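S.K.: Take a look at the letters that make up each chain.
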Amino acid sequence: MEINLLSFGQIVDITGKPALKLSGIDNTDDLSKKLIELFPLLKSIKFSVAVNKQVIQKNTLLNQNDTVALLPPFSGG
Amino acid sequence: MEINLLSFGQIVDITGKPALKLSGIDNTDDLSKKLIELFPLLKSIKFSVAVNKQVIQKNTLLNQNDTVALLPPFSGG
Amino acid sequence: MSEQKKKKVFLEGAIPPAFIGDSIAKHSTKKNIGAHSIFLGQVRNDLKEGKTVKAIEYSGYIEMADEVFAQIREKAFLKFSLKCLHIYHSLGMVLAGEISLFVFTSSIHRKDAIEACHYIVERVKEEVPVWGKEIFENDTFIWKQNT
Amino acid sequence: MSEQKKKKVFLEGAIPPAFIGDSIAKHSTKKNIGAHSIFLGQVRNDLKEGKTVKAIEYSGYIEMADEVFAQIREKAFLKFSLKCLHIYHSLGMVLAGEISLFVFTSSIHRKDAIEACHYIVERVKEEVPVWGKEIFENDTFIWKQNT
Numbered sequence: 022m023e024i025n026l027l028s029f030g031q032i033v034d035i036t037g038k039p040a041l042k043l044s045g046i047d048n049t050d051d052l053s054k055k056l057i058e059l060f061p062l063l064k065s066i067k068f069s070v071a072v073n074k075q076v077i078q079k080n081t082l083l084n085q086n087d088t089v090a091l092l093p094p095f096s097g098g
Numbered sequence: 022m023e024i025n026l027l028s029f030g031q032i033v034d035i036t037g038k039p040a041l042k043l044s045g046i047d048n049t050d051d052l053s054k055k056l057i058e059l060f061p062l063l064k065s066i067k068f069s070v071a072v073n074k075q076v077i078q079k080n081t082l083l084n085q086n087d088t089v090a091l092l093p094p095f096s097g098g
Numbered sequence: 235m236s237e238q239k240k241k242k243v244f245l246e247g248a249i250p251p252a253f254i255g256d257s258i259a260k261h262s263t264k265k266n267i268g269a270h271s272i273f274l275g276q277v278r279n280d281l282k283e284g285k286t287v288k289a290i291e292y293s294g295y296i297e298m299a300d301e302v303f304a305q306i307r308e309k310a311f312l313k314f315s316l317k318c319l320h321i322y323h324s325l326g327m328v329l330a331g332e333i334s335l336f337v338f339t340s341s342i343h344r345k346d347a348i349e350a351c352h353y354i355v356e357r358v359k360e361e362v363p364v365w366g367k368e369i370f371e372n373d374t375f376i377w378k379q380n381t
Numbered sequence: 235m236s237e238q239k240k241k242k243v244f245l246e247g248a249i250p251p252a253f254i255g256d257s258i259a260k261h262s263t264k265k266n267i268g269a270h271s272i273f274l275g276q277v278r279n280d281l282k283e284g285k286t287v288k289a290i291e292y293s294g295y296i297e298m299a300d301e302v303f304a305q306i307r308e309k310a311f312l313k314f315s316l317k318c319l320h321i322y323h324s325l326g327m328v329l330a331g332e333i334s335l336f337v338f339t340s341s342i343h344r345k346d347a348i349e350a351c352h353y354i355v356e357r358v359k360e361e362v363p364v365w366g367k368e369i370f371e372n373d374t375f376i377w378k379q380n381t
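Protein chains in written order, with our numbering: chain A, 22 to 98; chain B, 22 to 98; chain C, 235 to 381; chain D, 235 to 381.
Honestly, the hints are just simulated from the structure, not real lab data. Values in this document were obtained by computation on a predicted structure and should not be read as measured data. Where is the CB? At the ideal position from N, CA and C, for every residue including glycine.
Cβ-Cβ distance ranges computed for the label pairs, FRET-style:
1. C/373 - D/360: 44 to 54 Å
2. C/241 - A/67: 41 to 51 Å
3. B/34 - C/380: 14 to 24 Å
4. C/345 - D/286: 21 to 31 Å
5. C/380 - A/94: 39 to 49 Å
6. C/345 - D/296: 27 to 37 Å
Just a sample of chain C residues kept apart from chain D, beta carbon distances all over 10 Å, derived:
7. 242
8. 247
9. 301
10. 304
11. 308
12. 309
13. 315
14. 327
15. 360
16. 361
17. 371
18. 372
19. 373
Looking at chain A on its own, in the form it has when it is part of the complex (with noise of 0.2 Å):
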């Protein structure tokens, strides 16, 4: 199963990509943690998790081909 994964302002200076895919991972609390190891520097960011343009407040199952988008906080205007 594979997820496109989308970050988003600072977190891209972190990931270093806007879009990168991700298999393996069949929900939100393992995406956190793996993306803790690939990333350590998400341990100092608040961020917010979007399941296919939804933001989750718990736990999400993910299914093939969602897209999970690490969202900082928000900051227009």
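Chain A is already provided as a structure; the job is to place chains B, C and D on it using the hints.
M.R.: Positioned in the frame of chain A, the structure of chains B, C and D alone reads:
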């Protein structure tokens, strides 16, 4: 003693003139009585009175050349 | 910057949208401004007693109104942290669809500009000796009532 | 008039003052409008750690932002009696002194336009996935924090 009387808005429709001079009036209460005599239709209208551009709340003495304005409810904007 | 001096508020006729655009453009040199709030009053084609308003003709007690506008400016600068404040009001004929009041506040952070703009609009409606005569399509009229 | 459909919000670069003037002018045909309220966000030349901000470069999660903007529109139309509602936000580079956010509400009576405009500005700042990178004069940067 002479004062300048200014009328505005719908009050001009009643007094017939935006500006006129009145004499022999010492205070604003007397002025109000005199005006009702001269223009009975004024009784039907709510208005405030300004002496020298200051809205007054109570009877006010008038001096030579004071400017008294009859102000119907404001409707700017 | 002191803006408390007496400024020209009254404009003859409607306030053109391009005048508003130009006013906004002039603030691009004031780079410590982060927020602008603007209120525009537009003349409505209200239906009253079966007749449609085609225009409002504004008149005012100008000498007094200028003083009241200056007091409103002064109070707004004391009450809010403003970088800029402009108020314009029409005199004479303004057609339905045209703009008769333009209030423009600017501040570092949005709260001041937004609250000051609202405050000023309410003060202008309540305190400034200006009157609007609503002219109907058949050229009869009634005197406008503010709500 | 239904305005709840998804509309184009993002503009490349700064929002020109003349664009705002033109937007205002377009409403002169809507003669039942009595009040417009406008909020403009302008980029400030803030001094941070001894360096001056010369521009903000905006990026966004556009697909999600478009949905959030549409939801904000919908909520505003439900909550307030609005005749018109427009929201524009910059993407890319906006220099200090230039405008990056333009919220424009119109209603019959002023209360709705004023309150809706304020409501929308707060929603946009809180809910829309857009990020500003503050670029200093020496071309270093920090990520903007909304307050």
